[in-house]
Amino acid sequence: MAHSLKPQCTPLKHKYDACFNKWFEGYLQPPPGGNSESEEAQRQWQRDKRDEYERTCGKVWDGYRACLDGALTEKGLDDLLQQAREENPLIEAEPAEARH
Amino acid sequence: MVQYFSTAFHYDHPWSRVQVGMWQKYPNPQCAHVVSVDVIDRSVHPETGVIRTERLVGCKQAAPGWAIRFLGGTEDAYVREVSFVDPRTKKTWIHSTNLSLCEYMTVVEKITYVPSTSFPHTRTHFHQTAEIQARTKLWKTVGQKIEQMSLDRFKQNAIRGKEGFEGVLRTLFGEDNMQDISS
Numbered sequence: 001m002a003h004s005l006k007p008q009c010t011p012l013k014h015k016y017d018a019c020f021n022k023w024f025e026g027y028l029q030p031p032p033g034g035n036s037e038s039e040e041a042q043r044q045w046q047r048d049k050r051d052e053y054e055r056t057c058g059k060v061w062d063g064y065r066a067c068l069d070g071a072l073t074e075k076g077l078d079d080l081l082q083q084a085r086e087e088n089p090l091i092e093a094e095p096a097e098a099r100h
Numbered sequence: 001m002v003q004y005f006s007t008a009f010h011y012d013h014p015w016s017r018v019q020v021g022m023w024q025k026y027p028n029p030q031c032a033h034v035v036s037v038d039v040i041d042r043s044v045h046p047e048t049g050v051i052r053t054e055r056l057v058g059c060k061q062a063a064p065g066w067a068i069r070f071l072g073g074t075e076d077a078y079v080r081e082v083s084f085v086d087p088r089t090k091k092t093w094i095h096s097t098n099l100s101l102c103e104y105m106t107v108v109e110k111i112t113y114v115p116s117t118s119f120p121h122t123r124t125h126f127h128q129t130a131e132i133q134a135r136t137k138l139w140k141t142v143g144q145k146i147e148q149m150s151l152d153r154f155k156q157n158a159i160r161g162k163e164g165f166e167g168v169l170r171t172l173f174g175e176d177n178m179q180d181i182s183s
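Taken in order, these protein sequences are the chains called A and B. The opening residue of the first sequence carries number 1 in UniProt numbering; numbering runs sequentially from there. The opening residue of the second sequence carries number 1 in UniProt numbering; numbering runs sequentially from there.
Hints are computed from structural coordinates only; laboratory data are not their basis.
Incomplete in silico selection of chain B near chain A, CB under 7 Å:
#1 26
#2 78
#3 95
Listed below are the simulated DSS-like cross-link pairs for lysine-lysine, each with C-alpha atoms no more than 27 Å apart in a straight line:
#4 25(B) x 22(A)
#5 91(B) x 22(A)
#6 110(B) x 75(A)
#7 90(B) x 22(A)
#8 15(A) x 60(B)
#9 60(B) x 75(A)
#10 49(A) x 91(B)
#11 75(A) x 25(B)
#12 59(A) x 25(B)
#13 25(B) x 49(A)
#14 6(A) x 25(B)
#15 162(B) x 22(A)
#16 6(A) x 60(B)
#17 90(B) x 162(B)
#18 15(A) x 25(B)
Backbone N, C-alpha and C fix where the C-beta goes; we use that ideal spot for every residue, glycine too.
Model the full structure from these sequences, guided by the hints.
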C-alpha cells in the first residue's frame with residue numbers, strides 16, 4: 001500500500017486502506033439472491049452495506065483524516081485543493097464520458 | 001495550444017478485479033514517480049450506491065527539471081484525483097488534475113474502466129485521455145516546450161502505468177483465475 005504524504009500518517013492510512021479494501025470487495029459482490037432480487041431489495045442491500053462501511057471503517061477513517069489535516073496545511077495543499085474544488089467540484093461523474 | 005493524448009487498451013481481468021486492484025496500484029516498481037497516495041474524501045451515494053473518492057497523489061514532478069527550476073516549483077507535485085465507481089452499472093470514471101504549478105499549466109486526465117463488450121466477464125476496457133495546456137502567463141515558446149515535454153513524459157508514464165498495474169493485478173489475482181466476483 002502506498003505511503004501517506006505525511007510519514008506519521010502512513011500506519012493509520014494503511015489501517016484505513018485495509019478496512020476499505022476488505023469492505024469494497026464485499027460491496028462489489030452481488031446481493032444475496034443475485035441480481036434477480038427486486039430493485040428495492042437490491043437498494044436495501046446497498047444501504048446496509050453503506051452502513052456497514054460507516055460502522056467498520058468510520059473510526060479508522062476519522063483518525064487517519066485528522067492526522068492528514070495538519071499535513072495539508074503545512075504543505076500549502078489545502079488552499080490549492082480549495083481552489084480546485086471551487087473550479088471543478090466534481091460531485092458527479094460526467095455522464096457522456098462514463099458511457100464508453 | 002493544447003497537447004492532446006489518448007489511448008485505449010484492455011486488461012485481461014474482469015472489471016471487479018481491476019477495481020479491487022485500482023486501490024492497490026501503488027507502489028509498484030514501474031511507477032516509481034508516485035511517492036504517496038492519500039484519500040482525502042470518500043462517500044457512498046445513498047441512492048445510487050456510487051462510491052466517490054477524492055485522493056491526493058504525490059508524484060515526482062512530471063515537468064522537466066529545468067522547467068521546474070524556471071517556474072520556482074518543488075520536486076514534489078500533487079494531483080487531485082476524483083473517481084466514481086458504480087457497482088451497479090460497472091463503470092468507473094476518474095478525473096485527475098494537477099494542483100502543483102497549476103498557475104502555469106493544467107494537465108487534465110480522464111480515465112474510464114468498463115467491462116469489455118465482447119468479453120464482459122473476463123476483460124476490462126481502459127480508455128484514457130489527457131489535455132495539457134500551458135497558461136498564458138508563460139512566454140509562448142517556453143509554454144510550448146513545457147507542453148511538449150510534459151506530454152512526452154505523460155506518454156512514458158502511461159505505458160509504465162499499464163505494465164505496473166498488470167503486475168499488481170497478477171500479484172493479487174494470478175494469471176489463470178479470471179473469476180468475476182461481481183457476477
